[in-house]
Amino acid sequence: MVKIVHHGAVNGVTGSCHQLFCDEARSVLIDCGMFQGAEASHLEQGSLAVGFPLDGIEALVVTHCHIDHVGRIPYLLAAGFDKPIYATEATAQLLPLVIEDAIKVGISRDQNLIDKVIGRLRSLLKPFPYDEWFSLSSSDSLIAKCRFRVAGHILGSAYVEFKLGSGRLKGANSERVLFSGDLGAPYSPLLAAPKPPYQTDCLVIESTYGDKNHEGRKERRAELKRVLGHCLANAGTVLIPAFSIGRTQELLYEIEEIIHRGSKDWSDLDVIVDSPLAAEFTQHYRSLKTLWDKEAKRKLSTGRHPLAFDQLITIDSHADHQRLVNHLKQSGRPAIVIAASGMCAGGRIVNYLKALLEDEKADVLFVGYQAQGTAGRDIQKYGPRGGYVYLDGEKIDIRAGVHTISGYSAHADQKDLVNFVKRMRHRPKEIRIVHGDDEAKLALKGKLQGLVPNAKVWIPEG
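To convert a position in the sequence shown, counted from 1, into my numbering, add 909.
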(Lines of atoms letter the chains of each structure in order from A and count residues from 1; the text may use other names and numbers.)
(Lines give C-alpha, C1' and ligand atoms only; values in the text may rest on other atoms or scores of the structure.)
Protein backbone atom coordinates (compact mmCIF):
# COMPACT_ATOMS: atom_id res chain seq x y z
CA MET A 1 0.00 0.00 0.00
CA VAL A 2 1.34 3.42 -0.99
CA LYS A 3 2.08 5.67 2.00
CA ILE A 4 0.27 9.02 1.82
CA VAL A 5 -0.21 11.44 4.71
CA HIS A 6 -2.99 14.00 4.35
CA HIS A 7 -2.33 17.44 5.86
CA GLY A 8 -5.62 18.99 4.72
CA ALA A 9 -8.84 18.57 2.70
CA VAL A 10 -9.85 15.50 4.72
CA ASN A 11 -12.36 17.22 7.02
CA GLY A 12 -13.86 19.43 4.33
CA VAL A 13 -13.05 21.09 1.02
CA THR A 14 -10.17 23.44 1.86
CA GLY A 15 -6.53 23.18 2.90
CA SER A 16 -5.53 20.63 0.25
CA CYS A 17 -2.11 19.23 1.11
CA HIS A 18 -0.93 15.65 0.67
CA GLN A 19 2.45 14.04 1.32
CA LEU A 20 3.38 11.11 -0.94
CA PHE A 21 6.26 8.97 0.30
CA CYS A 22 8.54 7.71 -2.46
CA ASP A 23 10.38 5.55 0.09
CA GLU A 24 10.82 5.59 3.86
CA ALA A 25 13.01 8.71 3.85
CA ARG A 26 11.92 10.74 0.82
CA SER A 27 8.58 12.32 0.02
CA VAL A 28 6.81 14.90 -2.15
CA LEU A 29 4.08 17.41 -1.23
CA ILE A 30 1.08 17.77 -3.51
CA ASP A 31 -0.40 21.25 -2.91
CA CYS A 32 -0.18 23.33 0.25
CA GLY A 33 -3.53 25.09 0.56
CA MET A 34 -5.20 27.46 2.98
CA PHE A 35 -8.00 26.38 5.29
CA GLN A 36 -11.13 28.53 4.98
CA GLY A 37 -14.40 29.04 6.83
CA ALA A 38 -15.28 26.61 9.63
CA GLU A 39 -12.40 24.38 8.50
CA ALA A 40 -9.93 26.97 9.83
CA SER A 41 -11.41 26.79 13.33
CA HIS A 42 -8.93 24.11 14.44
CA LEU A 43 -6.04 26.53 13.96
CA GLU A 44 -4.74 28.54 16.86
CA GLN A 45 -5.62 32.23 16.61
CA GLY A 46 -3.11 33.91 14.32
CA SER A 47 -1.35 30.64 13.49
CA LEU A 48 -1.28 29.30 9.96
CA ALA A 49 2.01 27.41 10.18
CA VAL A 50 2.32 24.32 8.00
CA GLY A 51 2.02 22.08 11.07
CA PHE A 52 4.16 19.18 9.88
CA PRO A 53 7.93 18.52 9.63
CA LEU A 54 9.69 19.20 6.34
CA ASP A 55 12.35 16.51 6.80
CA GLY A 56 12.77 14.45 3.66
CA ILE A 57 10.32 16.48 1.53
CA GLU A 58 12.13 16.87 -1.79
CA ALA A 59 9.59 18.87 -3.83
CA LEU A 60 6.20 20.55 -3.89
CA VAL A 61 3.95 19.72 -6.85
CA VAL A 62 1.14 22.24 -7.42
CA THR A 63 -2.05 21.13 -9.17
CA HIS A 64 -3.43 24.68 -9.66
CA CYS A 65 -3.33 28.10 -8.03
CA HIS A 66 -6.61 28.44 -6.14
CA ILE A 67 -5.96 29.62 -2.58
CA ASP A 68 -7.27 26.42 -0.97
CA HIS A 69 -4.47 24.59 -2.82
CA VAL A 70 -1.59 27.08 -2.52
CA GLY A 71 -2.40 29.52 0.30
CA ARG A 72 0.02 27.99 2.83
CA ILE A 73 3.03 28.29 0.51
CA PRO A 74 4.28 31.50 2.21
CA TYR A 75 4.30 29.63 5.53
CA LEU A 76 6.05 26.69 3.89
CA LEU A 77 8.78 29.04 2.67
CA ALA A 78 8.98 30.73 6.09
CA ALA A 79 9.52 27.29 7.64
CA GLY A 80 12.65 26.92 5.51
CA PHE A 81 11.39 24.97 2.50
CA ASP A 82 13.94 25.40 -0.30
CA LYS A 83 13.14 22.56 -2.69
CA PRO A 84 11.75 22.77 -6.25
CA ILE A 85 8.11 23.80 -6.75
CA TYR A 86 6.76 22.11 -9.87
CA ALA A 87 3.75 23.48 -11.76
CA THR A 88 2.36 23.69 -15.27
CA GLU A 89 3.60 26.61 -17.35
CA ALA A 90 0.34 28.55 -16.94
CA THR A 91 0.16 27.90 -13.19
CA ALA A 92 3.77 29.05 -12.79
CA GLN A 93 2.80 32.30 -14.53
CA LEU A 94 -0.26 32.88 -12.32
CA LEU A 95 0.95 31.57 -8.95
CA PRO A 96 3.11 34.58 -7.91
CA LEU A 97 0.07 36.85 -8.39
CA VAL A 98 -2.07 34.62 -6.17
CA ILE A 99 0.55 34.39 -3.44
CA GLU A 100 1.24 38.14 -3.47
CA ASP A 101 -2.46 38.83 -3.03
CA ALA A 102 -2.74 36.21 -0.27
CA ILE A 103 0.12 37.83 1.65
CA LYS A 104 -1.46 41.29 1.34
CA VAL A 105 -4.85 40.04 2.51
CA GLY A 106 -3.80 37.68 5.29
CA ILE A 107 -0.24 38.36 6.40
CA SER A 108 1.32 41.74 5.68
CA ARG A 109 1.22 44.71 3.32
CA ASP A 110 4.96 45.30 3.81
CA GLN A 111 6.14 45.46 0.21
CA ASN A 112 9.74 44.56 1.11
CA LEU A 113 8.54 41.37 2.77
CA ILE A 114 6.22 40.59 -0.14
CA ASP A 115 9.03 41.10 -2.68
CA LYS A 116 11.31 38.75 -0.74
CA VAL A 117 8.69 36.00 -0.58
CA ILE A 118 7.77 36.34 -4.26
CA GLY A 119 11.43 36.42 -5.25
CA ARG A 120 12.03 33.24 -3.28
CA LEU A 121 8.98 31.62 -4.84
CA ARG A 122 10.08 32.49 -8.36
CA SER A 123 13.56 31.06 -7.73
CA LEU A 124 12.04 27.69 -6.75
CA LEU A 125 9.35 27.46 -9.45
CA LYS A 126 9.98 24.85 -12.15
CA PRO A 127 7.41 25.05 -14.98
CA PHE A 128 6.63 22.00 -17.11
CA PRO A 129 4.27 21.49 -20.05
CA TYR A 130 1.38 19.07 -19.90
CA ASP A 131 1.99 15.36 -20.61
CA GLU A 132 5.78 15.50 -20.17
CA TRP A 133 7.35 13.19 -17.59
CA PHE A 134 9.99 14.79 -15.39
CA SER A 135 12.19 13.29 -12.69
CA LEU A 136 11.67 14.04 -9.01
CA SER A 137 14.37 11.70 -7.76
CA SER A 138 16.75 9.26 -9.41
CA SER A 139 19.18 6.89 -7.74
CA ASP A 140 20.06 3.21 -7.71
CA SER A 141 17.41 2.60 -5.08
CA LEU A 142 14.64 4.92 -6.26
CA ILE A 143 13.21 6.45 -9.40
CA ALA A 144 10.29 8.87 -9.04
CA LYS A 145 8.70 10.60 -12.02
CA CYS A 146 5.75 12.91 -12.42
CA ARG A 147 3.67 14.52 -15.15
CA PHE A 148 0.81 17.00 -15.39
CA ARG A 149 -2.41 16.18 -17.25
CA VAL A 150 -5.20 18.59 -18.20
CA ALA A 151 -7.76 18.86 -15.38
CA GLY A 152 -10.11 21.45 -16.95
CA HIS A 153 -10.73 23.24 -13.62
CA ILE A 154 -9.03 26.60 -14.24
CA LEU A 155 -6.37 27.69 -16.69
CA GLY A 156 -3.21 25.71 -15.99
CA SER A 157 -4.93 23.24 -13.66
CA ALA A 158 -3.70 19.66 -13.70
CA TYR A 159 -4.17 16.29 -12.20
CA VAL A 160 -0.83 14.73 -11.36
CA GLU A 161 0.47 11.25 -12.20
CA PHE A 162 3.42 9.71 -10.36
CA LYS A 163 5.51 6.68 -11.27
CA LEU A 164 7.44 5.29 -8.32
CA GLY A 165 9.80 2.35 -8.41
CA SER A 166 13.30 1.08 -8.88
CA GLY A 167 15.41 0.07 -11.87
CA ARG A 168 13.62 1.03 -15.08
CA LEU A 169 10.16 1.28 -13.48
CA LYS A 170 9.06 -1.99 -15.01
CA GLY A 171 7.15 -4.89 -13.57
CA ALA A 172 6.18 -5.38 -9.96
CA ASN A 173 8.63 -2.76 -8.67
CA SER A 174 6.69 0.17 -10.14
CA GLU A 175 3.62 1.90 -8.76
CA ARG A 176 1.39 4.59 -10.30
CA VAL A 177 -0.27 7.13 -8.02
CA LEU A 178 -2.66 9.85 -9.20
CA PHE A 179 -3.83 13.00 -7.40
CA SER A 180 -6.87 14.53 -9.05
CA GLY A 181 -6.41 18.05 -7.69
CA ASP A 182 -9.70 19.69 -8.64
CA LEU A 183 -11.26 18.21 -11.77
CA GLY A 184 -13.33 20.41 -14.04
CA ALA A 185 -16.65 19.68 -15.66
CA PRO A 186 -16.89 18.84 -19.37
CA TYR A 187 -18.12 21.62 -21.66
CA SER A 188 -16.90 24.39 -19.36
CA PRO A 189 -16.29 27.69 -21.16
CA LEU A 190 -12.72 28.30 -22.35
CA LEU A 191 -11.15 25.08 -21.07
CA ALA A 192 -10.53 21.67 -22.57
CA ALA A 193 -12.21 18.80 -20.71
CA PRO A 194 -10.08 16.44 -18.61
CA LYS A 195 -9.29 13.04 -20.10
CA PRO A 196 -8.76 10.13 -17.68
CA PRO A 197 -5.42 8.33 -17.67
CA TYR A 198 -4.89 4.88 -19.10
CA GLN A 199 -4.23 3.43 -15.65
CA THR A 200 -3.34 4.06 -12.03
CA ASP A 201 -2.82 1.88 -8.97
CA CYS A 202 -3.80 4.43 -6.32
CA LEU A 203 -6.15 7.36 -6.86
CA VAL A 204 -6.65 10.32 -4.52
CA ILE A 205 -9.81 12.01 -5.81
CA GLU A 206 -11.71 15.16 -4.85
CA SER A 207 -15.42 14.94 -3.98
CA THR A 208 -16.66 18.55 -3.79
CA TYR A 209 -19.84 17.62 -5.68
CA GLY A 210 -19.68 13.90 -4.99
CA ASP A 211 -23.38 13.89 -4.10
CA LYS A 212 -24.73 16.27 -6.78
CA ASN A 213 -25.06 16.64 -10.53
CA HIS A 214 -24.93 20.04 -12.21
CA GLU A 215 -27.38 21.47 -14.71
CA GLY A 216 -26.34 21.12 -18.34
CA ARG A 217 -24.65 24.06 -20.00
CA LYS A 218 -27.76 24.99 -21.97
CA GLU A 219 -29.88 24.99 -18.82
CA ARG A 220 -27.40 26.96 -16.72
CA ARG A 221 -26.94 29.59 -19.43
CA ALA A 222 -30.73 29.96 -19.62
CA GLU A 223 -30.87 30.38 -15.83
CA LEU A 224 -28.05 32.94 -15.94
CA LYS A 225 -29.90 34.86 -18.64
CA ARG A 226 -33.11 34.74 -16.57
CA VAL A 227 -31.42 36.22 -13.49
CA LEU A 228 -29.65 38.89 -15.53
CA GLY A 229 -32.90 39.68 -17.36
CA HIS A 230 -34.57 40.24 -14.01
CA CYS A 231 -31.81 42.71 -13.25
CA LEU A 232 -32.50 44.59 -16.47
CA ALA A 233 -36.25 44.72 -15.87
CA ASN A 234 -35.94 45.60 -12.20
CA ALA A 235 -33.18 48.21 -12.59
CA GLY A 236 -31.25 46.44 -9.87
CA THR A 237 -27.77 45.06 -9.33
CA VAL A 238 -26.74 41.41 -9.57
CA LEU A 239 -23.85 40.61 -7.24
CA ILE A 240 -21.78 37.58 -8.18
CA PRO A 241 -19.16 36.50 -5.63
CA ALA A 242 -16.49 34.76 -7.68
CA PHE A 243 -12.94 33.57 -7.40
CA SER A 244 -10.59 35.92 -9.21
CA ILE A 245 -9.16 33.14 -11.30
CA GLY A 246 -11.29 30.73 -13.27
CA ARG A 247 -14.86 31.52 -12.33
CA THR A 248 -14.64 35.21 -13.23
CA GLN A 249 -13.30 34.52 -16.70
CA GLU A 250 -15.86 31.79 -17.40
CA LEU A 251 -18.70 34.08 -16.35
CA LEU A 252 -17.44 36.87 -18.59
CA TYR A 253 -17.31 34.40 -21.46
CA GLU A 254 -20.93 33.34 -20.90
CA ILE A 255 -22.20 36.89 -20.31
CA GLU A 256 -20.60 38.04 -23.56
CA GLU A 257 -22.47 35.25 -25.36
CA ILE A 258 -25.79 36.29 -23.76
CA ILE A 259 -25.25 39.95 -24.70
CA HIS A 260 -24.19 38.98 -28.23
CA ARG A 261 -27.39 36.99 -28.76
CA GLY A 262 -29.67 39.38 -26.87
CA SER A 263 -31.79 42.34 -27.90
CA LYS A 264 -30.63 45.94 -27.93
CA ASP A 265 -31.68 46.32 -24.28
CA TRP A 266 -28.80 44.10 -23.26
CA SER A 267 -26.30 46.63 -24.56
CA ASP A 268 -27.31 48.95 -21.68
CA LEU A 269 -26.15 46.44 -19.06
CA ASP A 270 -22.85 47.30 -17.40
CA VAL A 271 -20.68 44.30 -16.54
CA ILE A 272 -18.28 45.27 -13.77
CA VAL A 273 -15.26 43.33 -12.56
CA ASP A 274 -14.31 44.97 -9.27
CA SER A 275 -11.07 43.24 -8.45
CA PRO A 276 -7.56 44.28 -9.53
CA LEU A 277 -6.48 40.67 -9.18
CA ALA A 278 -9.34 39.33 -11.32
CA ALA A 279 -8.62 41.98 -13.97
CA GLU A 280 -4.96 40.96 -14.02
CA PHE A 281 -5.87 37.29 -14.27
CA THR A 282 -8.22 38.08 -17.13
CA GLN A 283 -5.33 39.68 -19.01
CA HIS A 284 -3.28 36.52 -18.42
CA TYR A 285 -6.19 34.39 -19.66
CA ARG A 286 -6.14 36.43 -22.87
CA SER A 287 -2.37 36.01 -23.23
CA LEU A 288 -2.72 32.24 -22.73
CA LYS A 289 -5.42 31.81 -25.36
CA THR A 290 -3.44 28.95 -26.94
CA LEU A 291 -4.80 26.87 -24.02
CA TRP A 292 -8.44 27.80 -24.76
CA ASP A 293 -10.82 25.21 -26.17
CA LYS A 294 -11.91 25.07 -29.81
CA GLU A 295 -15.17 26.96 -29.28
CA ALA A 296 -13.42 29.94 -27.70
CA LYS A 297 -10.78 30.00 -30.43
CA ARG A 298 -13.51 30.04 -33.09
CA LYS A 299 -15.03 33.14 -31.48
CA LEU A 300 -11.68 34.89 -31.62
CA SER A 301 -11.33 34.01 -35.29
CA THR A 302 -14.62 35.82 -36.04
CA GLY A 303 -13.45 39.03 -34.35
CA ARG A 304 -15.29 38.58 -31.06
CA HIS A 305 -13.50 39.16 -27.77
CA PRO A 306 -15.25 37.15 -25.04
CA LEU A 307 -12.99 38.54 -22.30
CA ALA A 308 -12.80 42.13 -23.57
CA PHE A 309 -16.25 43.24 -24.80
CA ASP A 310 -17.70 46.77 -24.91
CA GLN A 311 -19.88 46.58 -21.77
CA LEU A 312 -17.02 45.33 -19.60
CA ILE A 313 -15.75 47.76 -16.95
CA THR A 314 -12.90 47.03 -14.56
CA ILE A 315 -12.44 48.79 -11.23
CA ASP A 316 -8.94 49.13 -9.82
CA SER A 317 -8.48 51.55 -6.93
CA HIS A 318 -10.22 51.25 -3.58
CA ALA A 319 -11.55 54.81 -3.94
CA ASP A 320 -13.22 53.94 -7.26
CA HIS A 321 -14.60 50.80 -5.65
CA GLN A 322 -16.17 52.75 -2.80
CA ARG A 323 -17.64 55.32 -5.20
CA LEU A 324 -19.20 52.54 -7.27
CA VAL A 325 -20.73 50.87 -4.20
CA ASN A 326 -22.37 54.17 -3.24
CA HIS A 327 -23.45 54.90 -6.82
CA LEU A 328 -25.16 51.52 -7.27
CA LYS A 329 -26.87 51.85 -3.90
CA GLN A 330 -28.36 55.21 -4.89
CA SER A 331 -28.80 55.15 -8.69
CA GLY A 332 -30.86 52.07 -9.51
CA ARG A 333 -28.89 51.55 -12.73
CA PRO A 334 -28.90 47.88 -13.77
CA ALA A 335 -25.48 46.30 -13.47
CA ILE A 336 -23.69 43.02 -12.94
CA VAL A 337 -20.87 43.12 -10.41
CA ILE A 338 -18.36 40.28 -10.19
CA ALA A 339 -16.09 40.58 -7.17
CA ALA A 340 -14.03 38.43 -4.83
CA SER A 341 -14.05 36.62 -2.56
CA GLY A 342 -15.93 33.69 -3.96
CA MET A 343 -17.24 32.61 -0.54
CA CYS A 344 -17.88 36.19 0.69
CA ALA A 345 -15.16 35.64 3.31
CA GLY A 346 -13.69 39.12 2.89
CA GLY A 347 -12.72 41.16 -0.14
CA ARG A 348 -14.67 43.81 -2.03
CA ILE A 349 -17.83 41.72 -2.41
CA VAL A 350 -18.52 42.28 1.30
CA ASN A 351 -18.94 46.05 0.82
CA TYR A 352 -21.47 45.44 -1.98
CA LEU A 353 -23.36 42.96 0.17
CA LYS A 354 -23.49 45.37 3.11
CA ALA A 355 -24.84 48.07 0.81
CA LEU A 356 -27.29 46.05 -1.26
CA LEU A 357 -28.44 42.91 0.57
CA GLU A 358 -31.35 44.83 2.09
CA ASP A 359 -32.45 46.09 -1.36
CA GLU A 360 -35.33 44.04 -2.81
CA LYS A 361 -34.27 45.03 -6.35
CA ALA A 362 -30.85 43.47 -5.93
CA ASP A 363 -29.92 39.84 -6.51
CA VAL A 364 -27.06 37.68 -5.30
CA LEU A 365 -26.02 34.88 -7.63
CA PHE A 366 -23.82 32.07 -6.32
CA VAL A 367 -21.99 30.11 -8.98
CA GLY A 368 -19.44 28.27 -6.84
CA TYR A 369 -19.21 26.12 -3.76
CA GLN A 370 -19.81 27.87 -0.41
CA ALA A 371 -17.93 26.22 2.45
CA GLN A 372 -19.51 25.78 5.86
CA GLY A 373 -18.81 28.69 8.18
CA THR A 374 -18.54 31.30 5.42
CA ALA A 375 -20.85 34.27 4.91
CA GLY A 376 -21.60 32.92 1.44
CA ARG A 377 -23.03 29.70 2.89
CA ASP A 378 -25.16 31.70 5.35
CA ILE A 379 -26.58 33.96 2.62
CA GLN A 380 -27.24 30.95 0.40
CA LYS A 381 -28.97 29.07 3.23
CA TYR A 382 -30.91 31.80 5.03
CA GLY A 383 -31.53 34.34 2.24
CA PRO A 384 -34.38 32.48 0.50
CA ARG A 385 -36.27 32.27 3.81
CA GLY A 386 -35.92 36.00 4.58
CA GLY A 387 -33.13 35.59 7.10
CA TYR A 388 -30.07 37.61 7.93
CA VAL A 389 -26.28 37.40 7.91
CA TYR A 390 -23.48 38.96 9.92
CA LEU A 391 -20.92 40.88 7.85
CA ASP A 392 -18.00 42.53 9.67
CA GLY A 393 -19.95 42.05 12.89
CA GLU A 394 -23.02 43.85 11.51
CA LYS A 395 -26.39 42.11 11.23
CA ILE A 396 -27.77 42.53 7.69
CA ASP A 397 -31.30 41.49 6.72
CA ILE A 398 -31.43 39.67 3.39
CA ARG A 399 -34.13 41.14 1.17
CA ALA A 400 -32.28 40.70 -2.12
CA GLY A 401 -33.06 37.70 -4.28
CA VAL A 402 -30.68 34.78 -3.74
CA HIS A 403 -29.94 32.34 -6.57
CA THR A 404 -27.58 29.40 -7.04
CA ILE A 405 -26.44 27.94 -10.35
CA SER A 406 -24.22 24.98 -9.50
CA GLY A 407 -23.51 24.27 -13.16
CA TYR A 408 -21.05 27.16 -13.23
CA SER A 409 -18.97 25.52 -10.58
CA ALA A 410 -15.51 24.77 -11.90
CA HIS A 411 -15.73 21.37 -10.19
CA ALA A 412 -16.78 18.10 -11.76
CA ASP A 413 -20.08 16.73 -10.45
CA GLN A 414 -20.79 13.19 -9.27
CA LYS A 415 -21.34 11.84 -12.78
CA ASP A 416 -18.09 13.39 -14.02
CA LEU A 417 -16.09 12.05 -11.07
CA VAL A 418 -17.46 8.55 -11.58
CA ASN A 419 -16.76 8.75 -15.32
CA PHE A 420 -13.17 9.81 -14.61
CA VAL A 421 -12.65 6.42 -12.94
CA LYS A 422 -14.96 4.45 -15.22
CA ARG A 423 -13.06 5.47 -18.36
CA MET A 424 -9.68 4.28 -17.10
CA ARG A 425 -8.59 1.17 -18.96
CA HIS A 426 -6.99 -0.26 -15.81
CA ARG A 427 -8.81 0.98 -12.72
CA PRO A 428 -7.18 1.65 -9.38
CA LYS A 429 -6.67 -0.89 -6.59
CA GLU A 430 -7.04 1.85 -4.00
CA ILE A 431 -9.17 5.02 -4.07
CA ARG A 432 -8.93 7.69 -1.38
CA ILE A 433 -11.76 10.23 -1.31
CA VAL A 434 -10.84 13.74 -0.08
CA HIS A 435 -11.82 17.40 -0.55
CA GLY A 436 -15.54 17.20 0.22
CA ASP A 437 -18.15 17.47 2.93
CA ASP A 438 -19.07 14.20 4.67
CA GLU A 439 -22.26 13.69 2.66
CA ALA A 440 -20.45 14.20 -0.64
CA LYS A 441 -17.63 11.84 0.24
CA LEU A 442 -19.98 9.09 1.40
CA ALA A 443 -22.16 9.39 -1.71
CA LEU A 444 -19.14 9.19 -4.02
CA LYS A 445 -17.72 6.28 -2.03
CA GLY A 446 -20.92 4.32 -2.61
CA LYS A 447 -20.82 4.97 -6.36
CA LEU A 448 -17.13 4.06 -6.71
CA GLN A 449 -17.45 0.90 -4.61
CA GLY A 450 -20.13 -0.27 -7.02
CA LEU A 451 -17.95 0.62 -9.99
CA VAL A 452 -14.70 -0.91 -8.70
CA PRO A 453 -15.84 -3.63 -6.27
CA ASN A 454 -12.37 -5.16 -5.87
CA ALA A 455 -10.70 -1.88 -4.94
CA LYS A 456 -10.17 -0.46 -1.47
CA VAL A 457 -12.35 2.66 -1.53
CA TRP A 458 -12.05 4.71 1.65
CA ILE A 459 -12.21 8.13 3.25
CA PRO A 460 -9.09 9.25 5.15
CA GLU A 461 -9.56 10.99 8.49
CA GLY A 462 -7.72 14.09 9.68
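Because the hints were derived from the structure by calculation, they are not lab data. Any given hint could turn out to be false.
Each pair of labels, with its calculated beta carbon distance range [to be verified]:
(1) K1206 to K992: 36 to 46 Å
(2) S1176 to R1135: 10 to 20 Å
(3) L1051 to K1338: 19 to 29 Å
(4) D1174 to P1293: 24 to 34 Å
(5) D1202 to D1174: 28 to 38 Å
(6) N1235 to S1176: 18 to 28 Å
(7) H1214 to K1238: 40 to 50 Å
(8) L1209 to P1038: 40 to 50 Å
(9) G1015 to N1122: 43 to 53 Å
(10) R1018 to D1301: 10 to 20 Å
(11) K1304 to D1019: 27 to 37 Å
It should be emphasised that the depicted structure is a prediction, and the values quoted were computed from it without experimental measurement. By construction, the Cβ of each residue, glycine as well, lies at the ideal position given by its N, Cα and C atoms.
(request) Identify every previously stated hint that the structure contradicts and give their numbers, smallest first. (result) Numbers 7, 8 and 9 - these are the hints that the structure violates, sorted from lowest upward.
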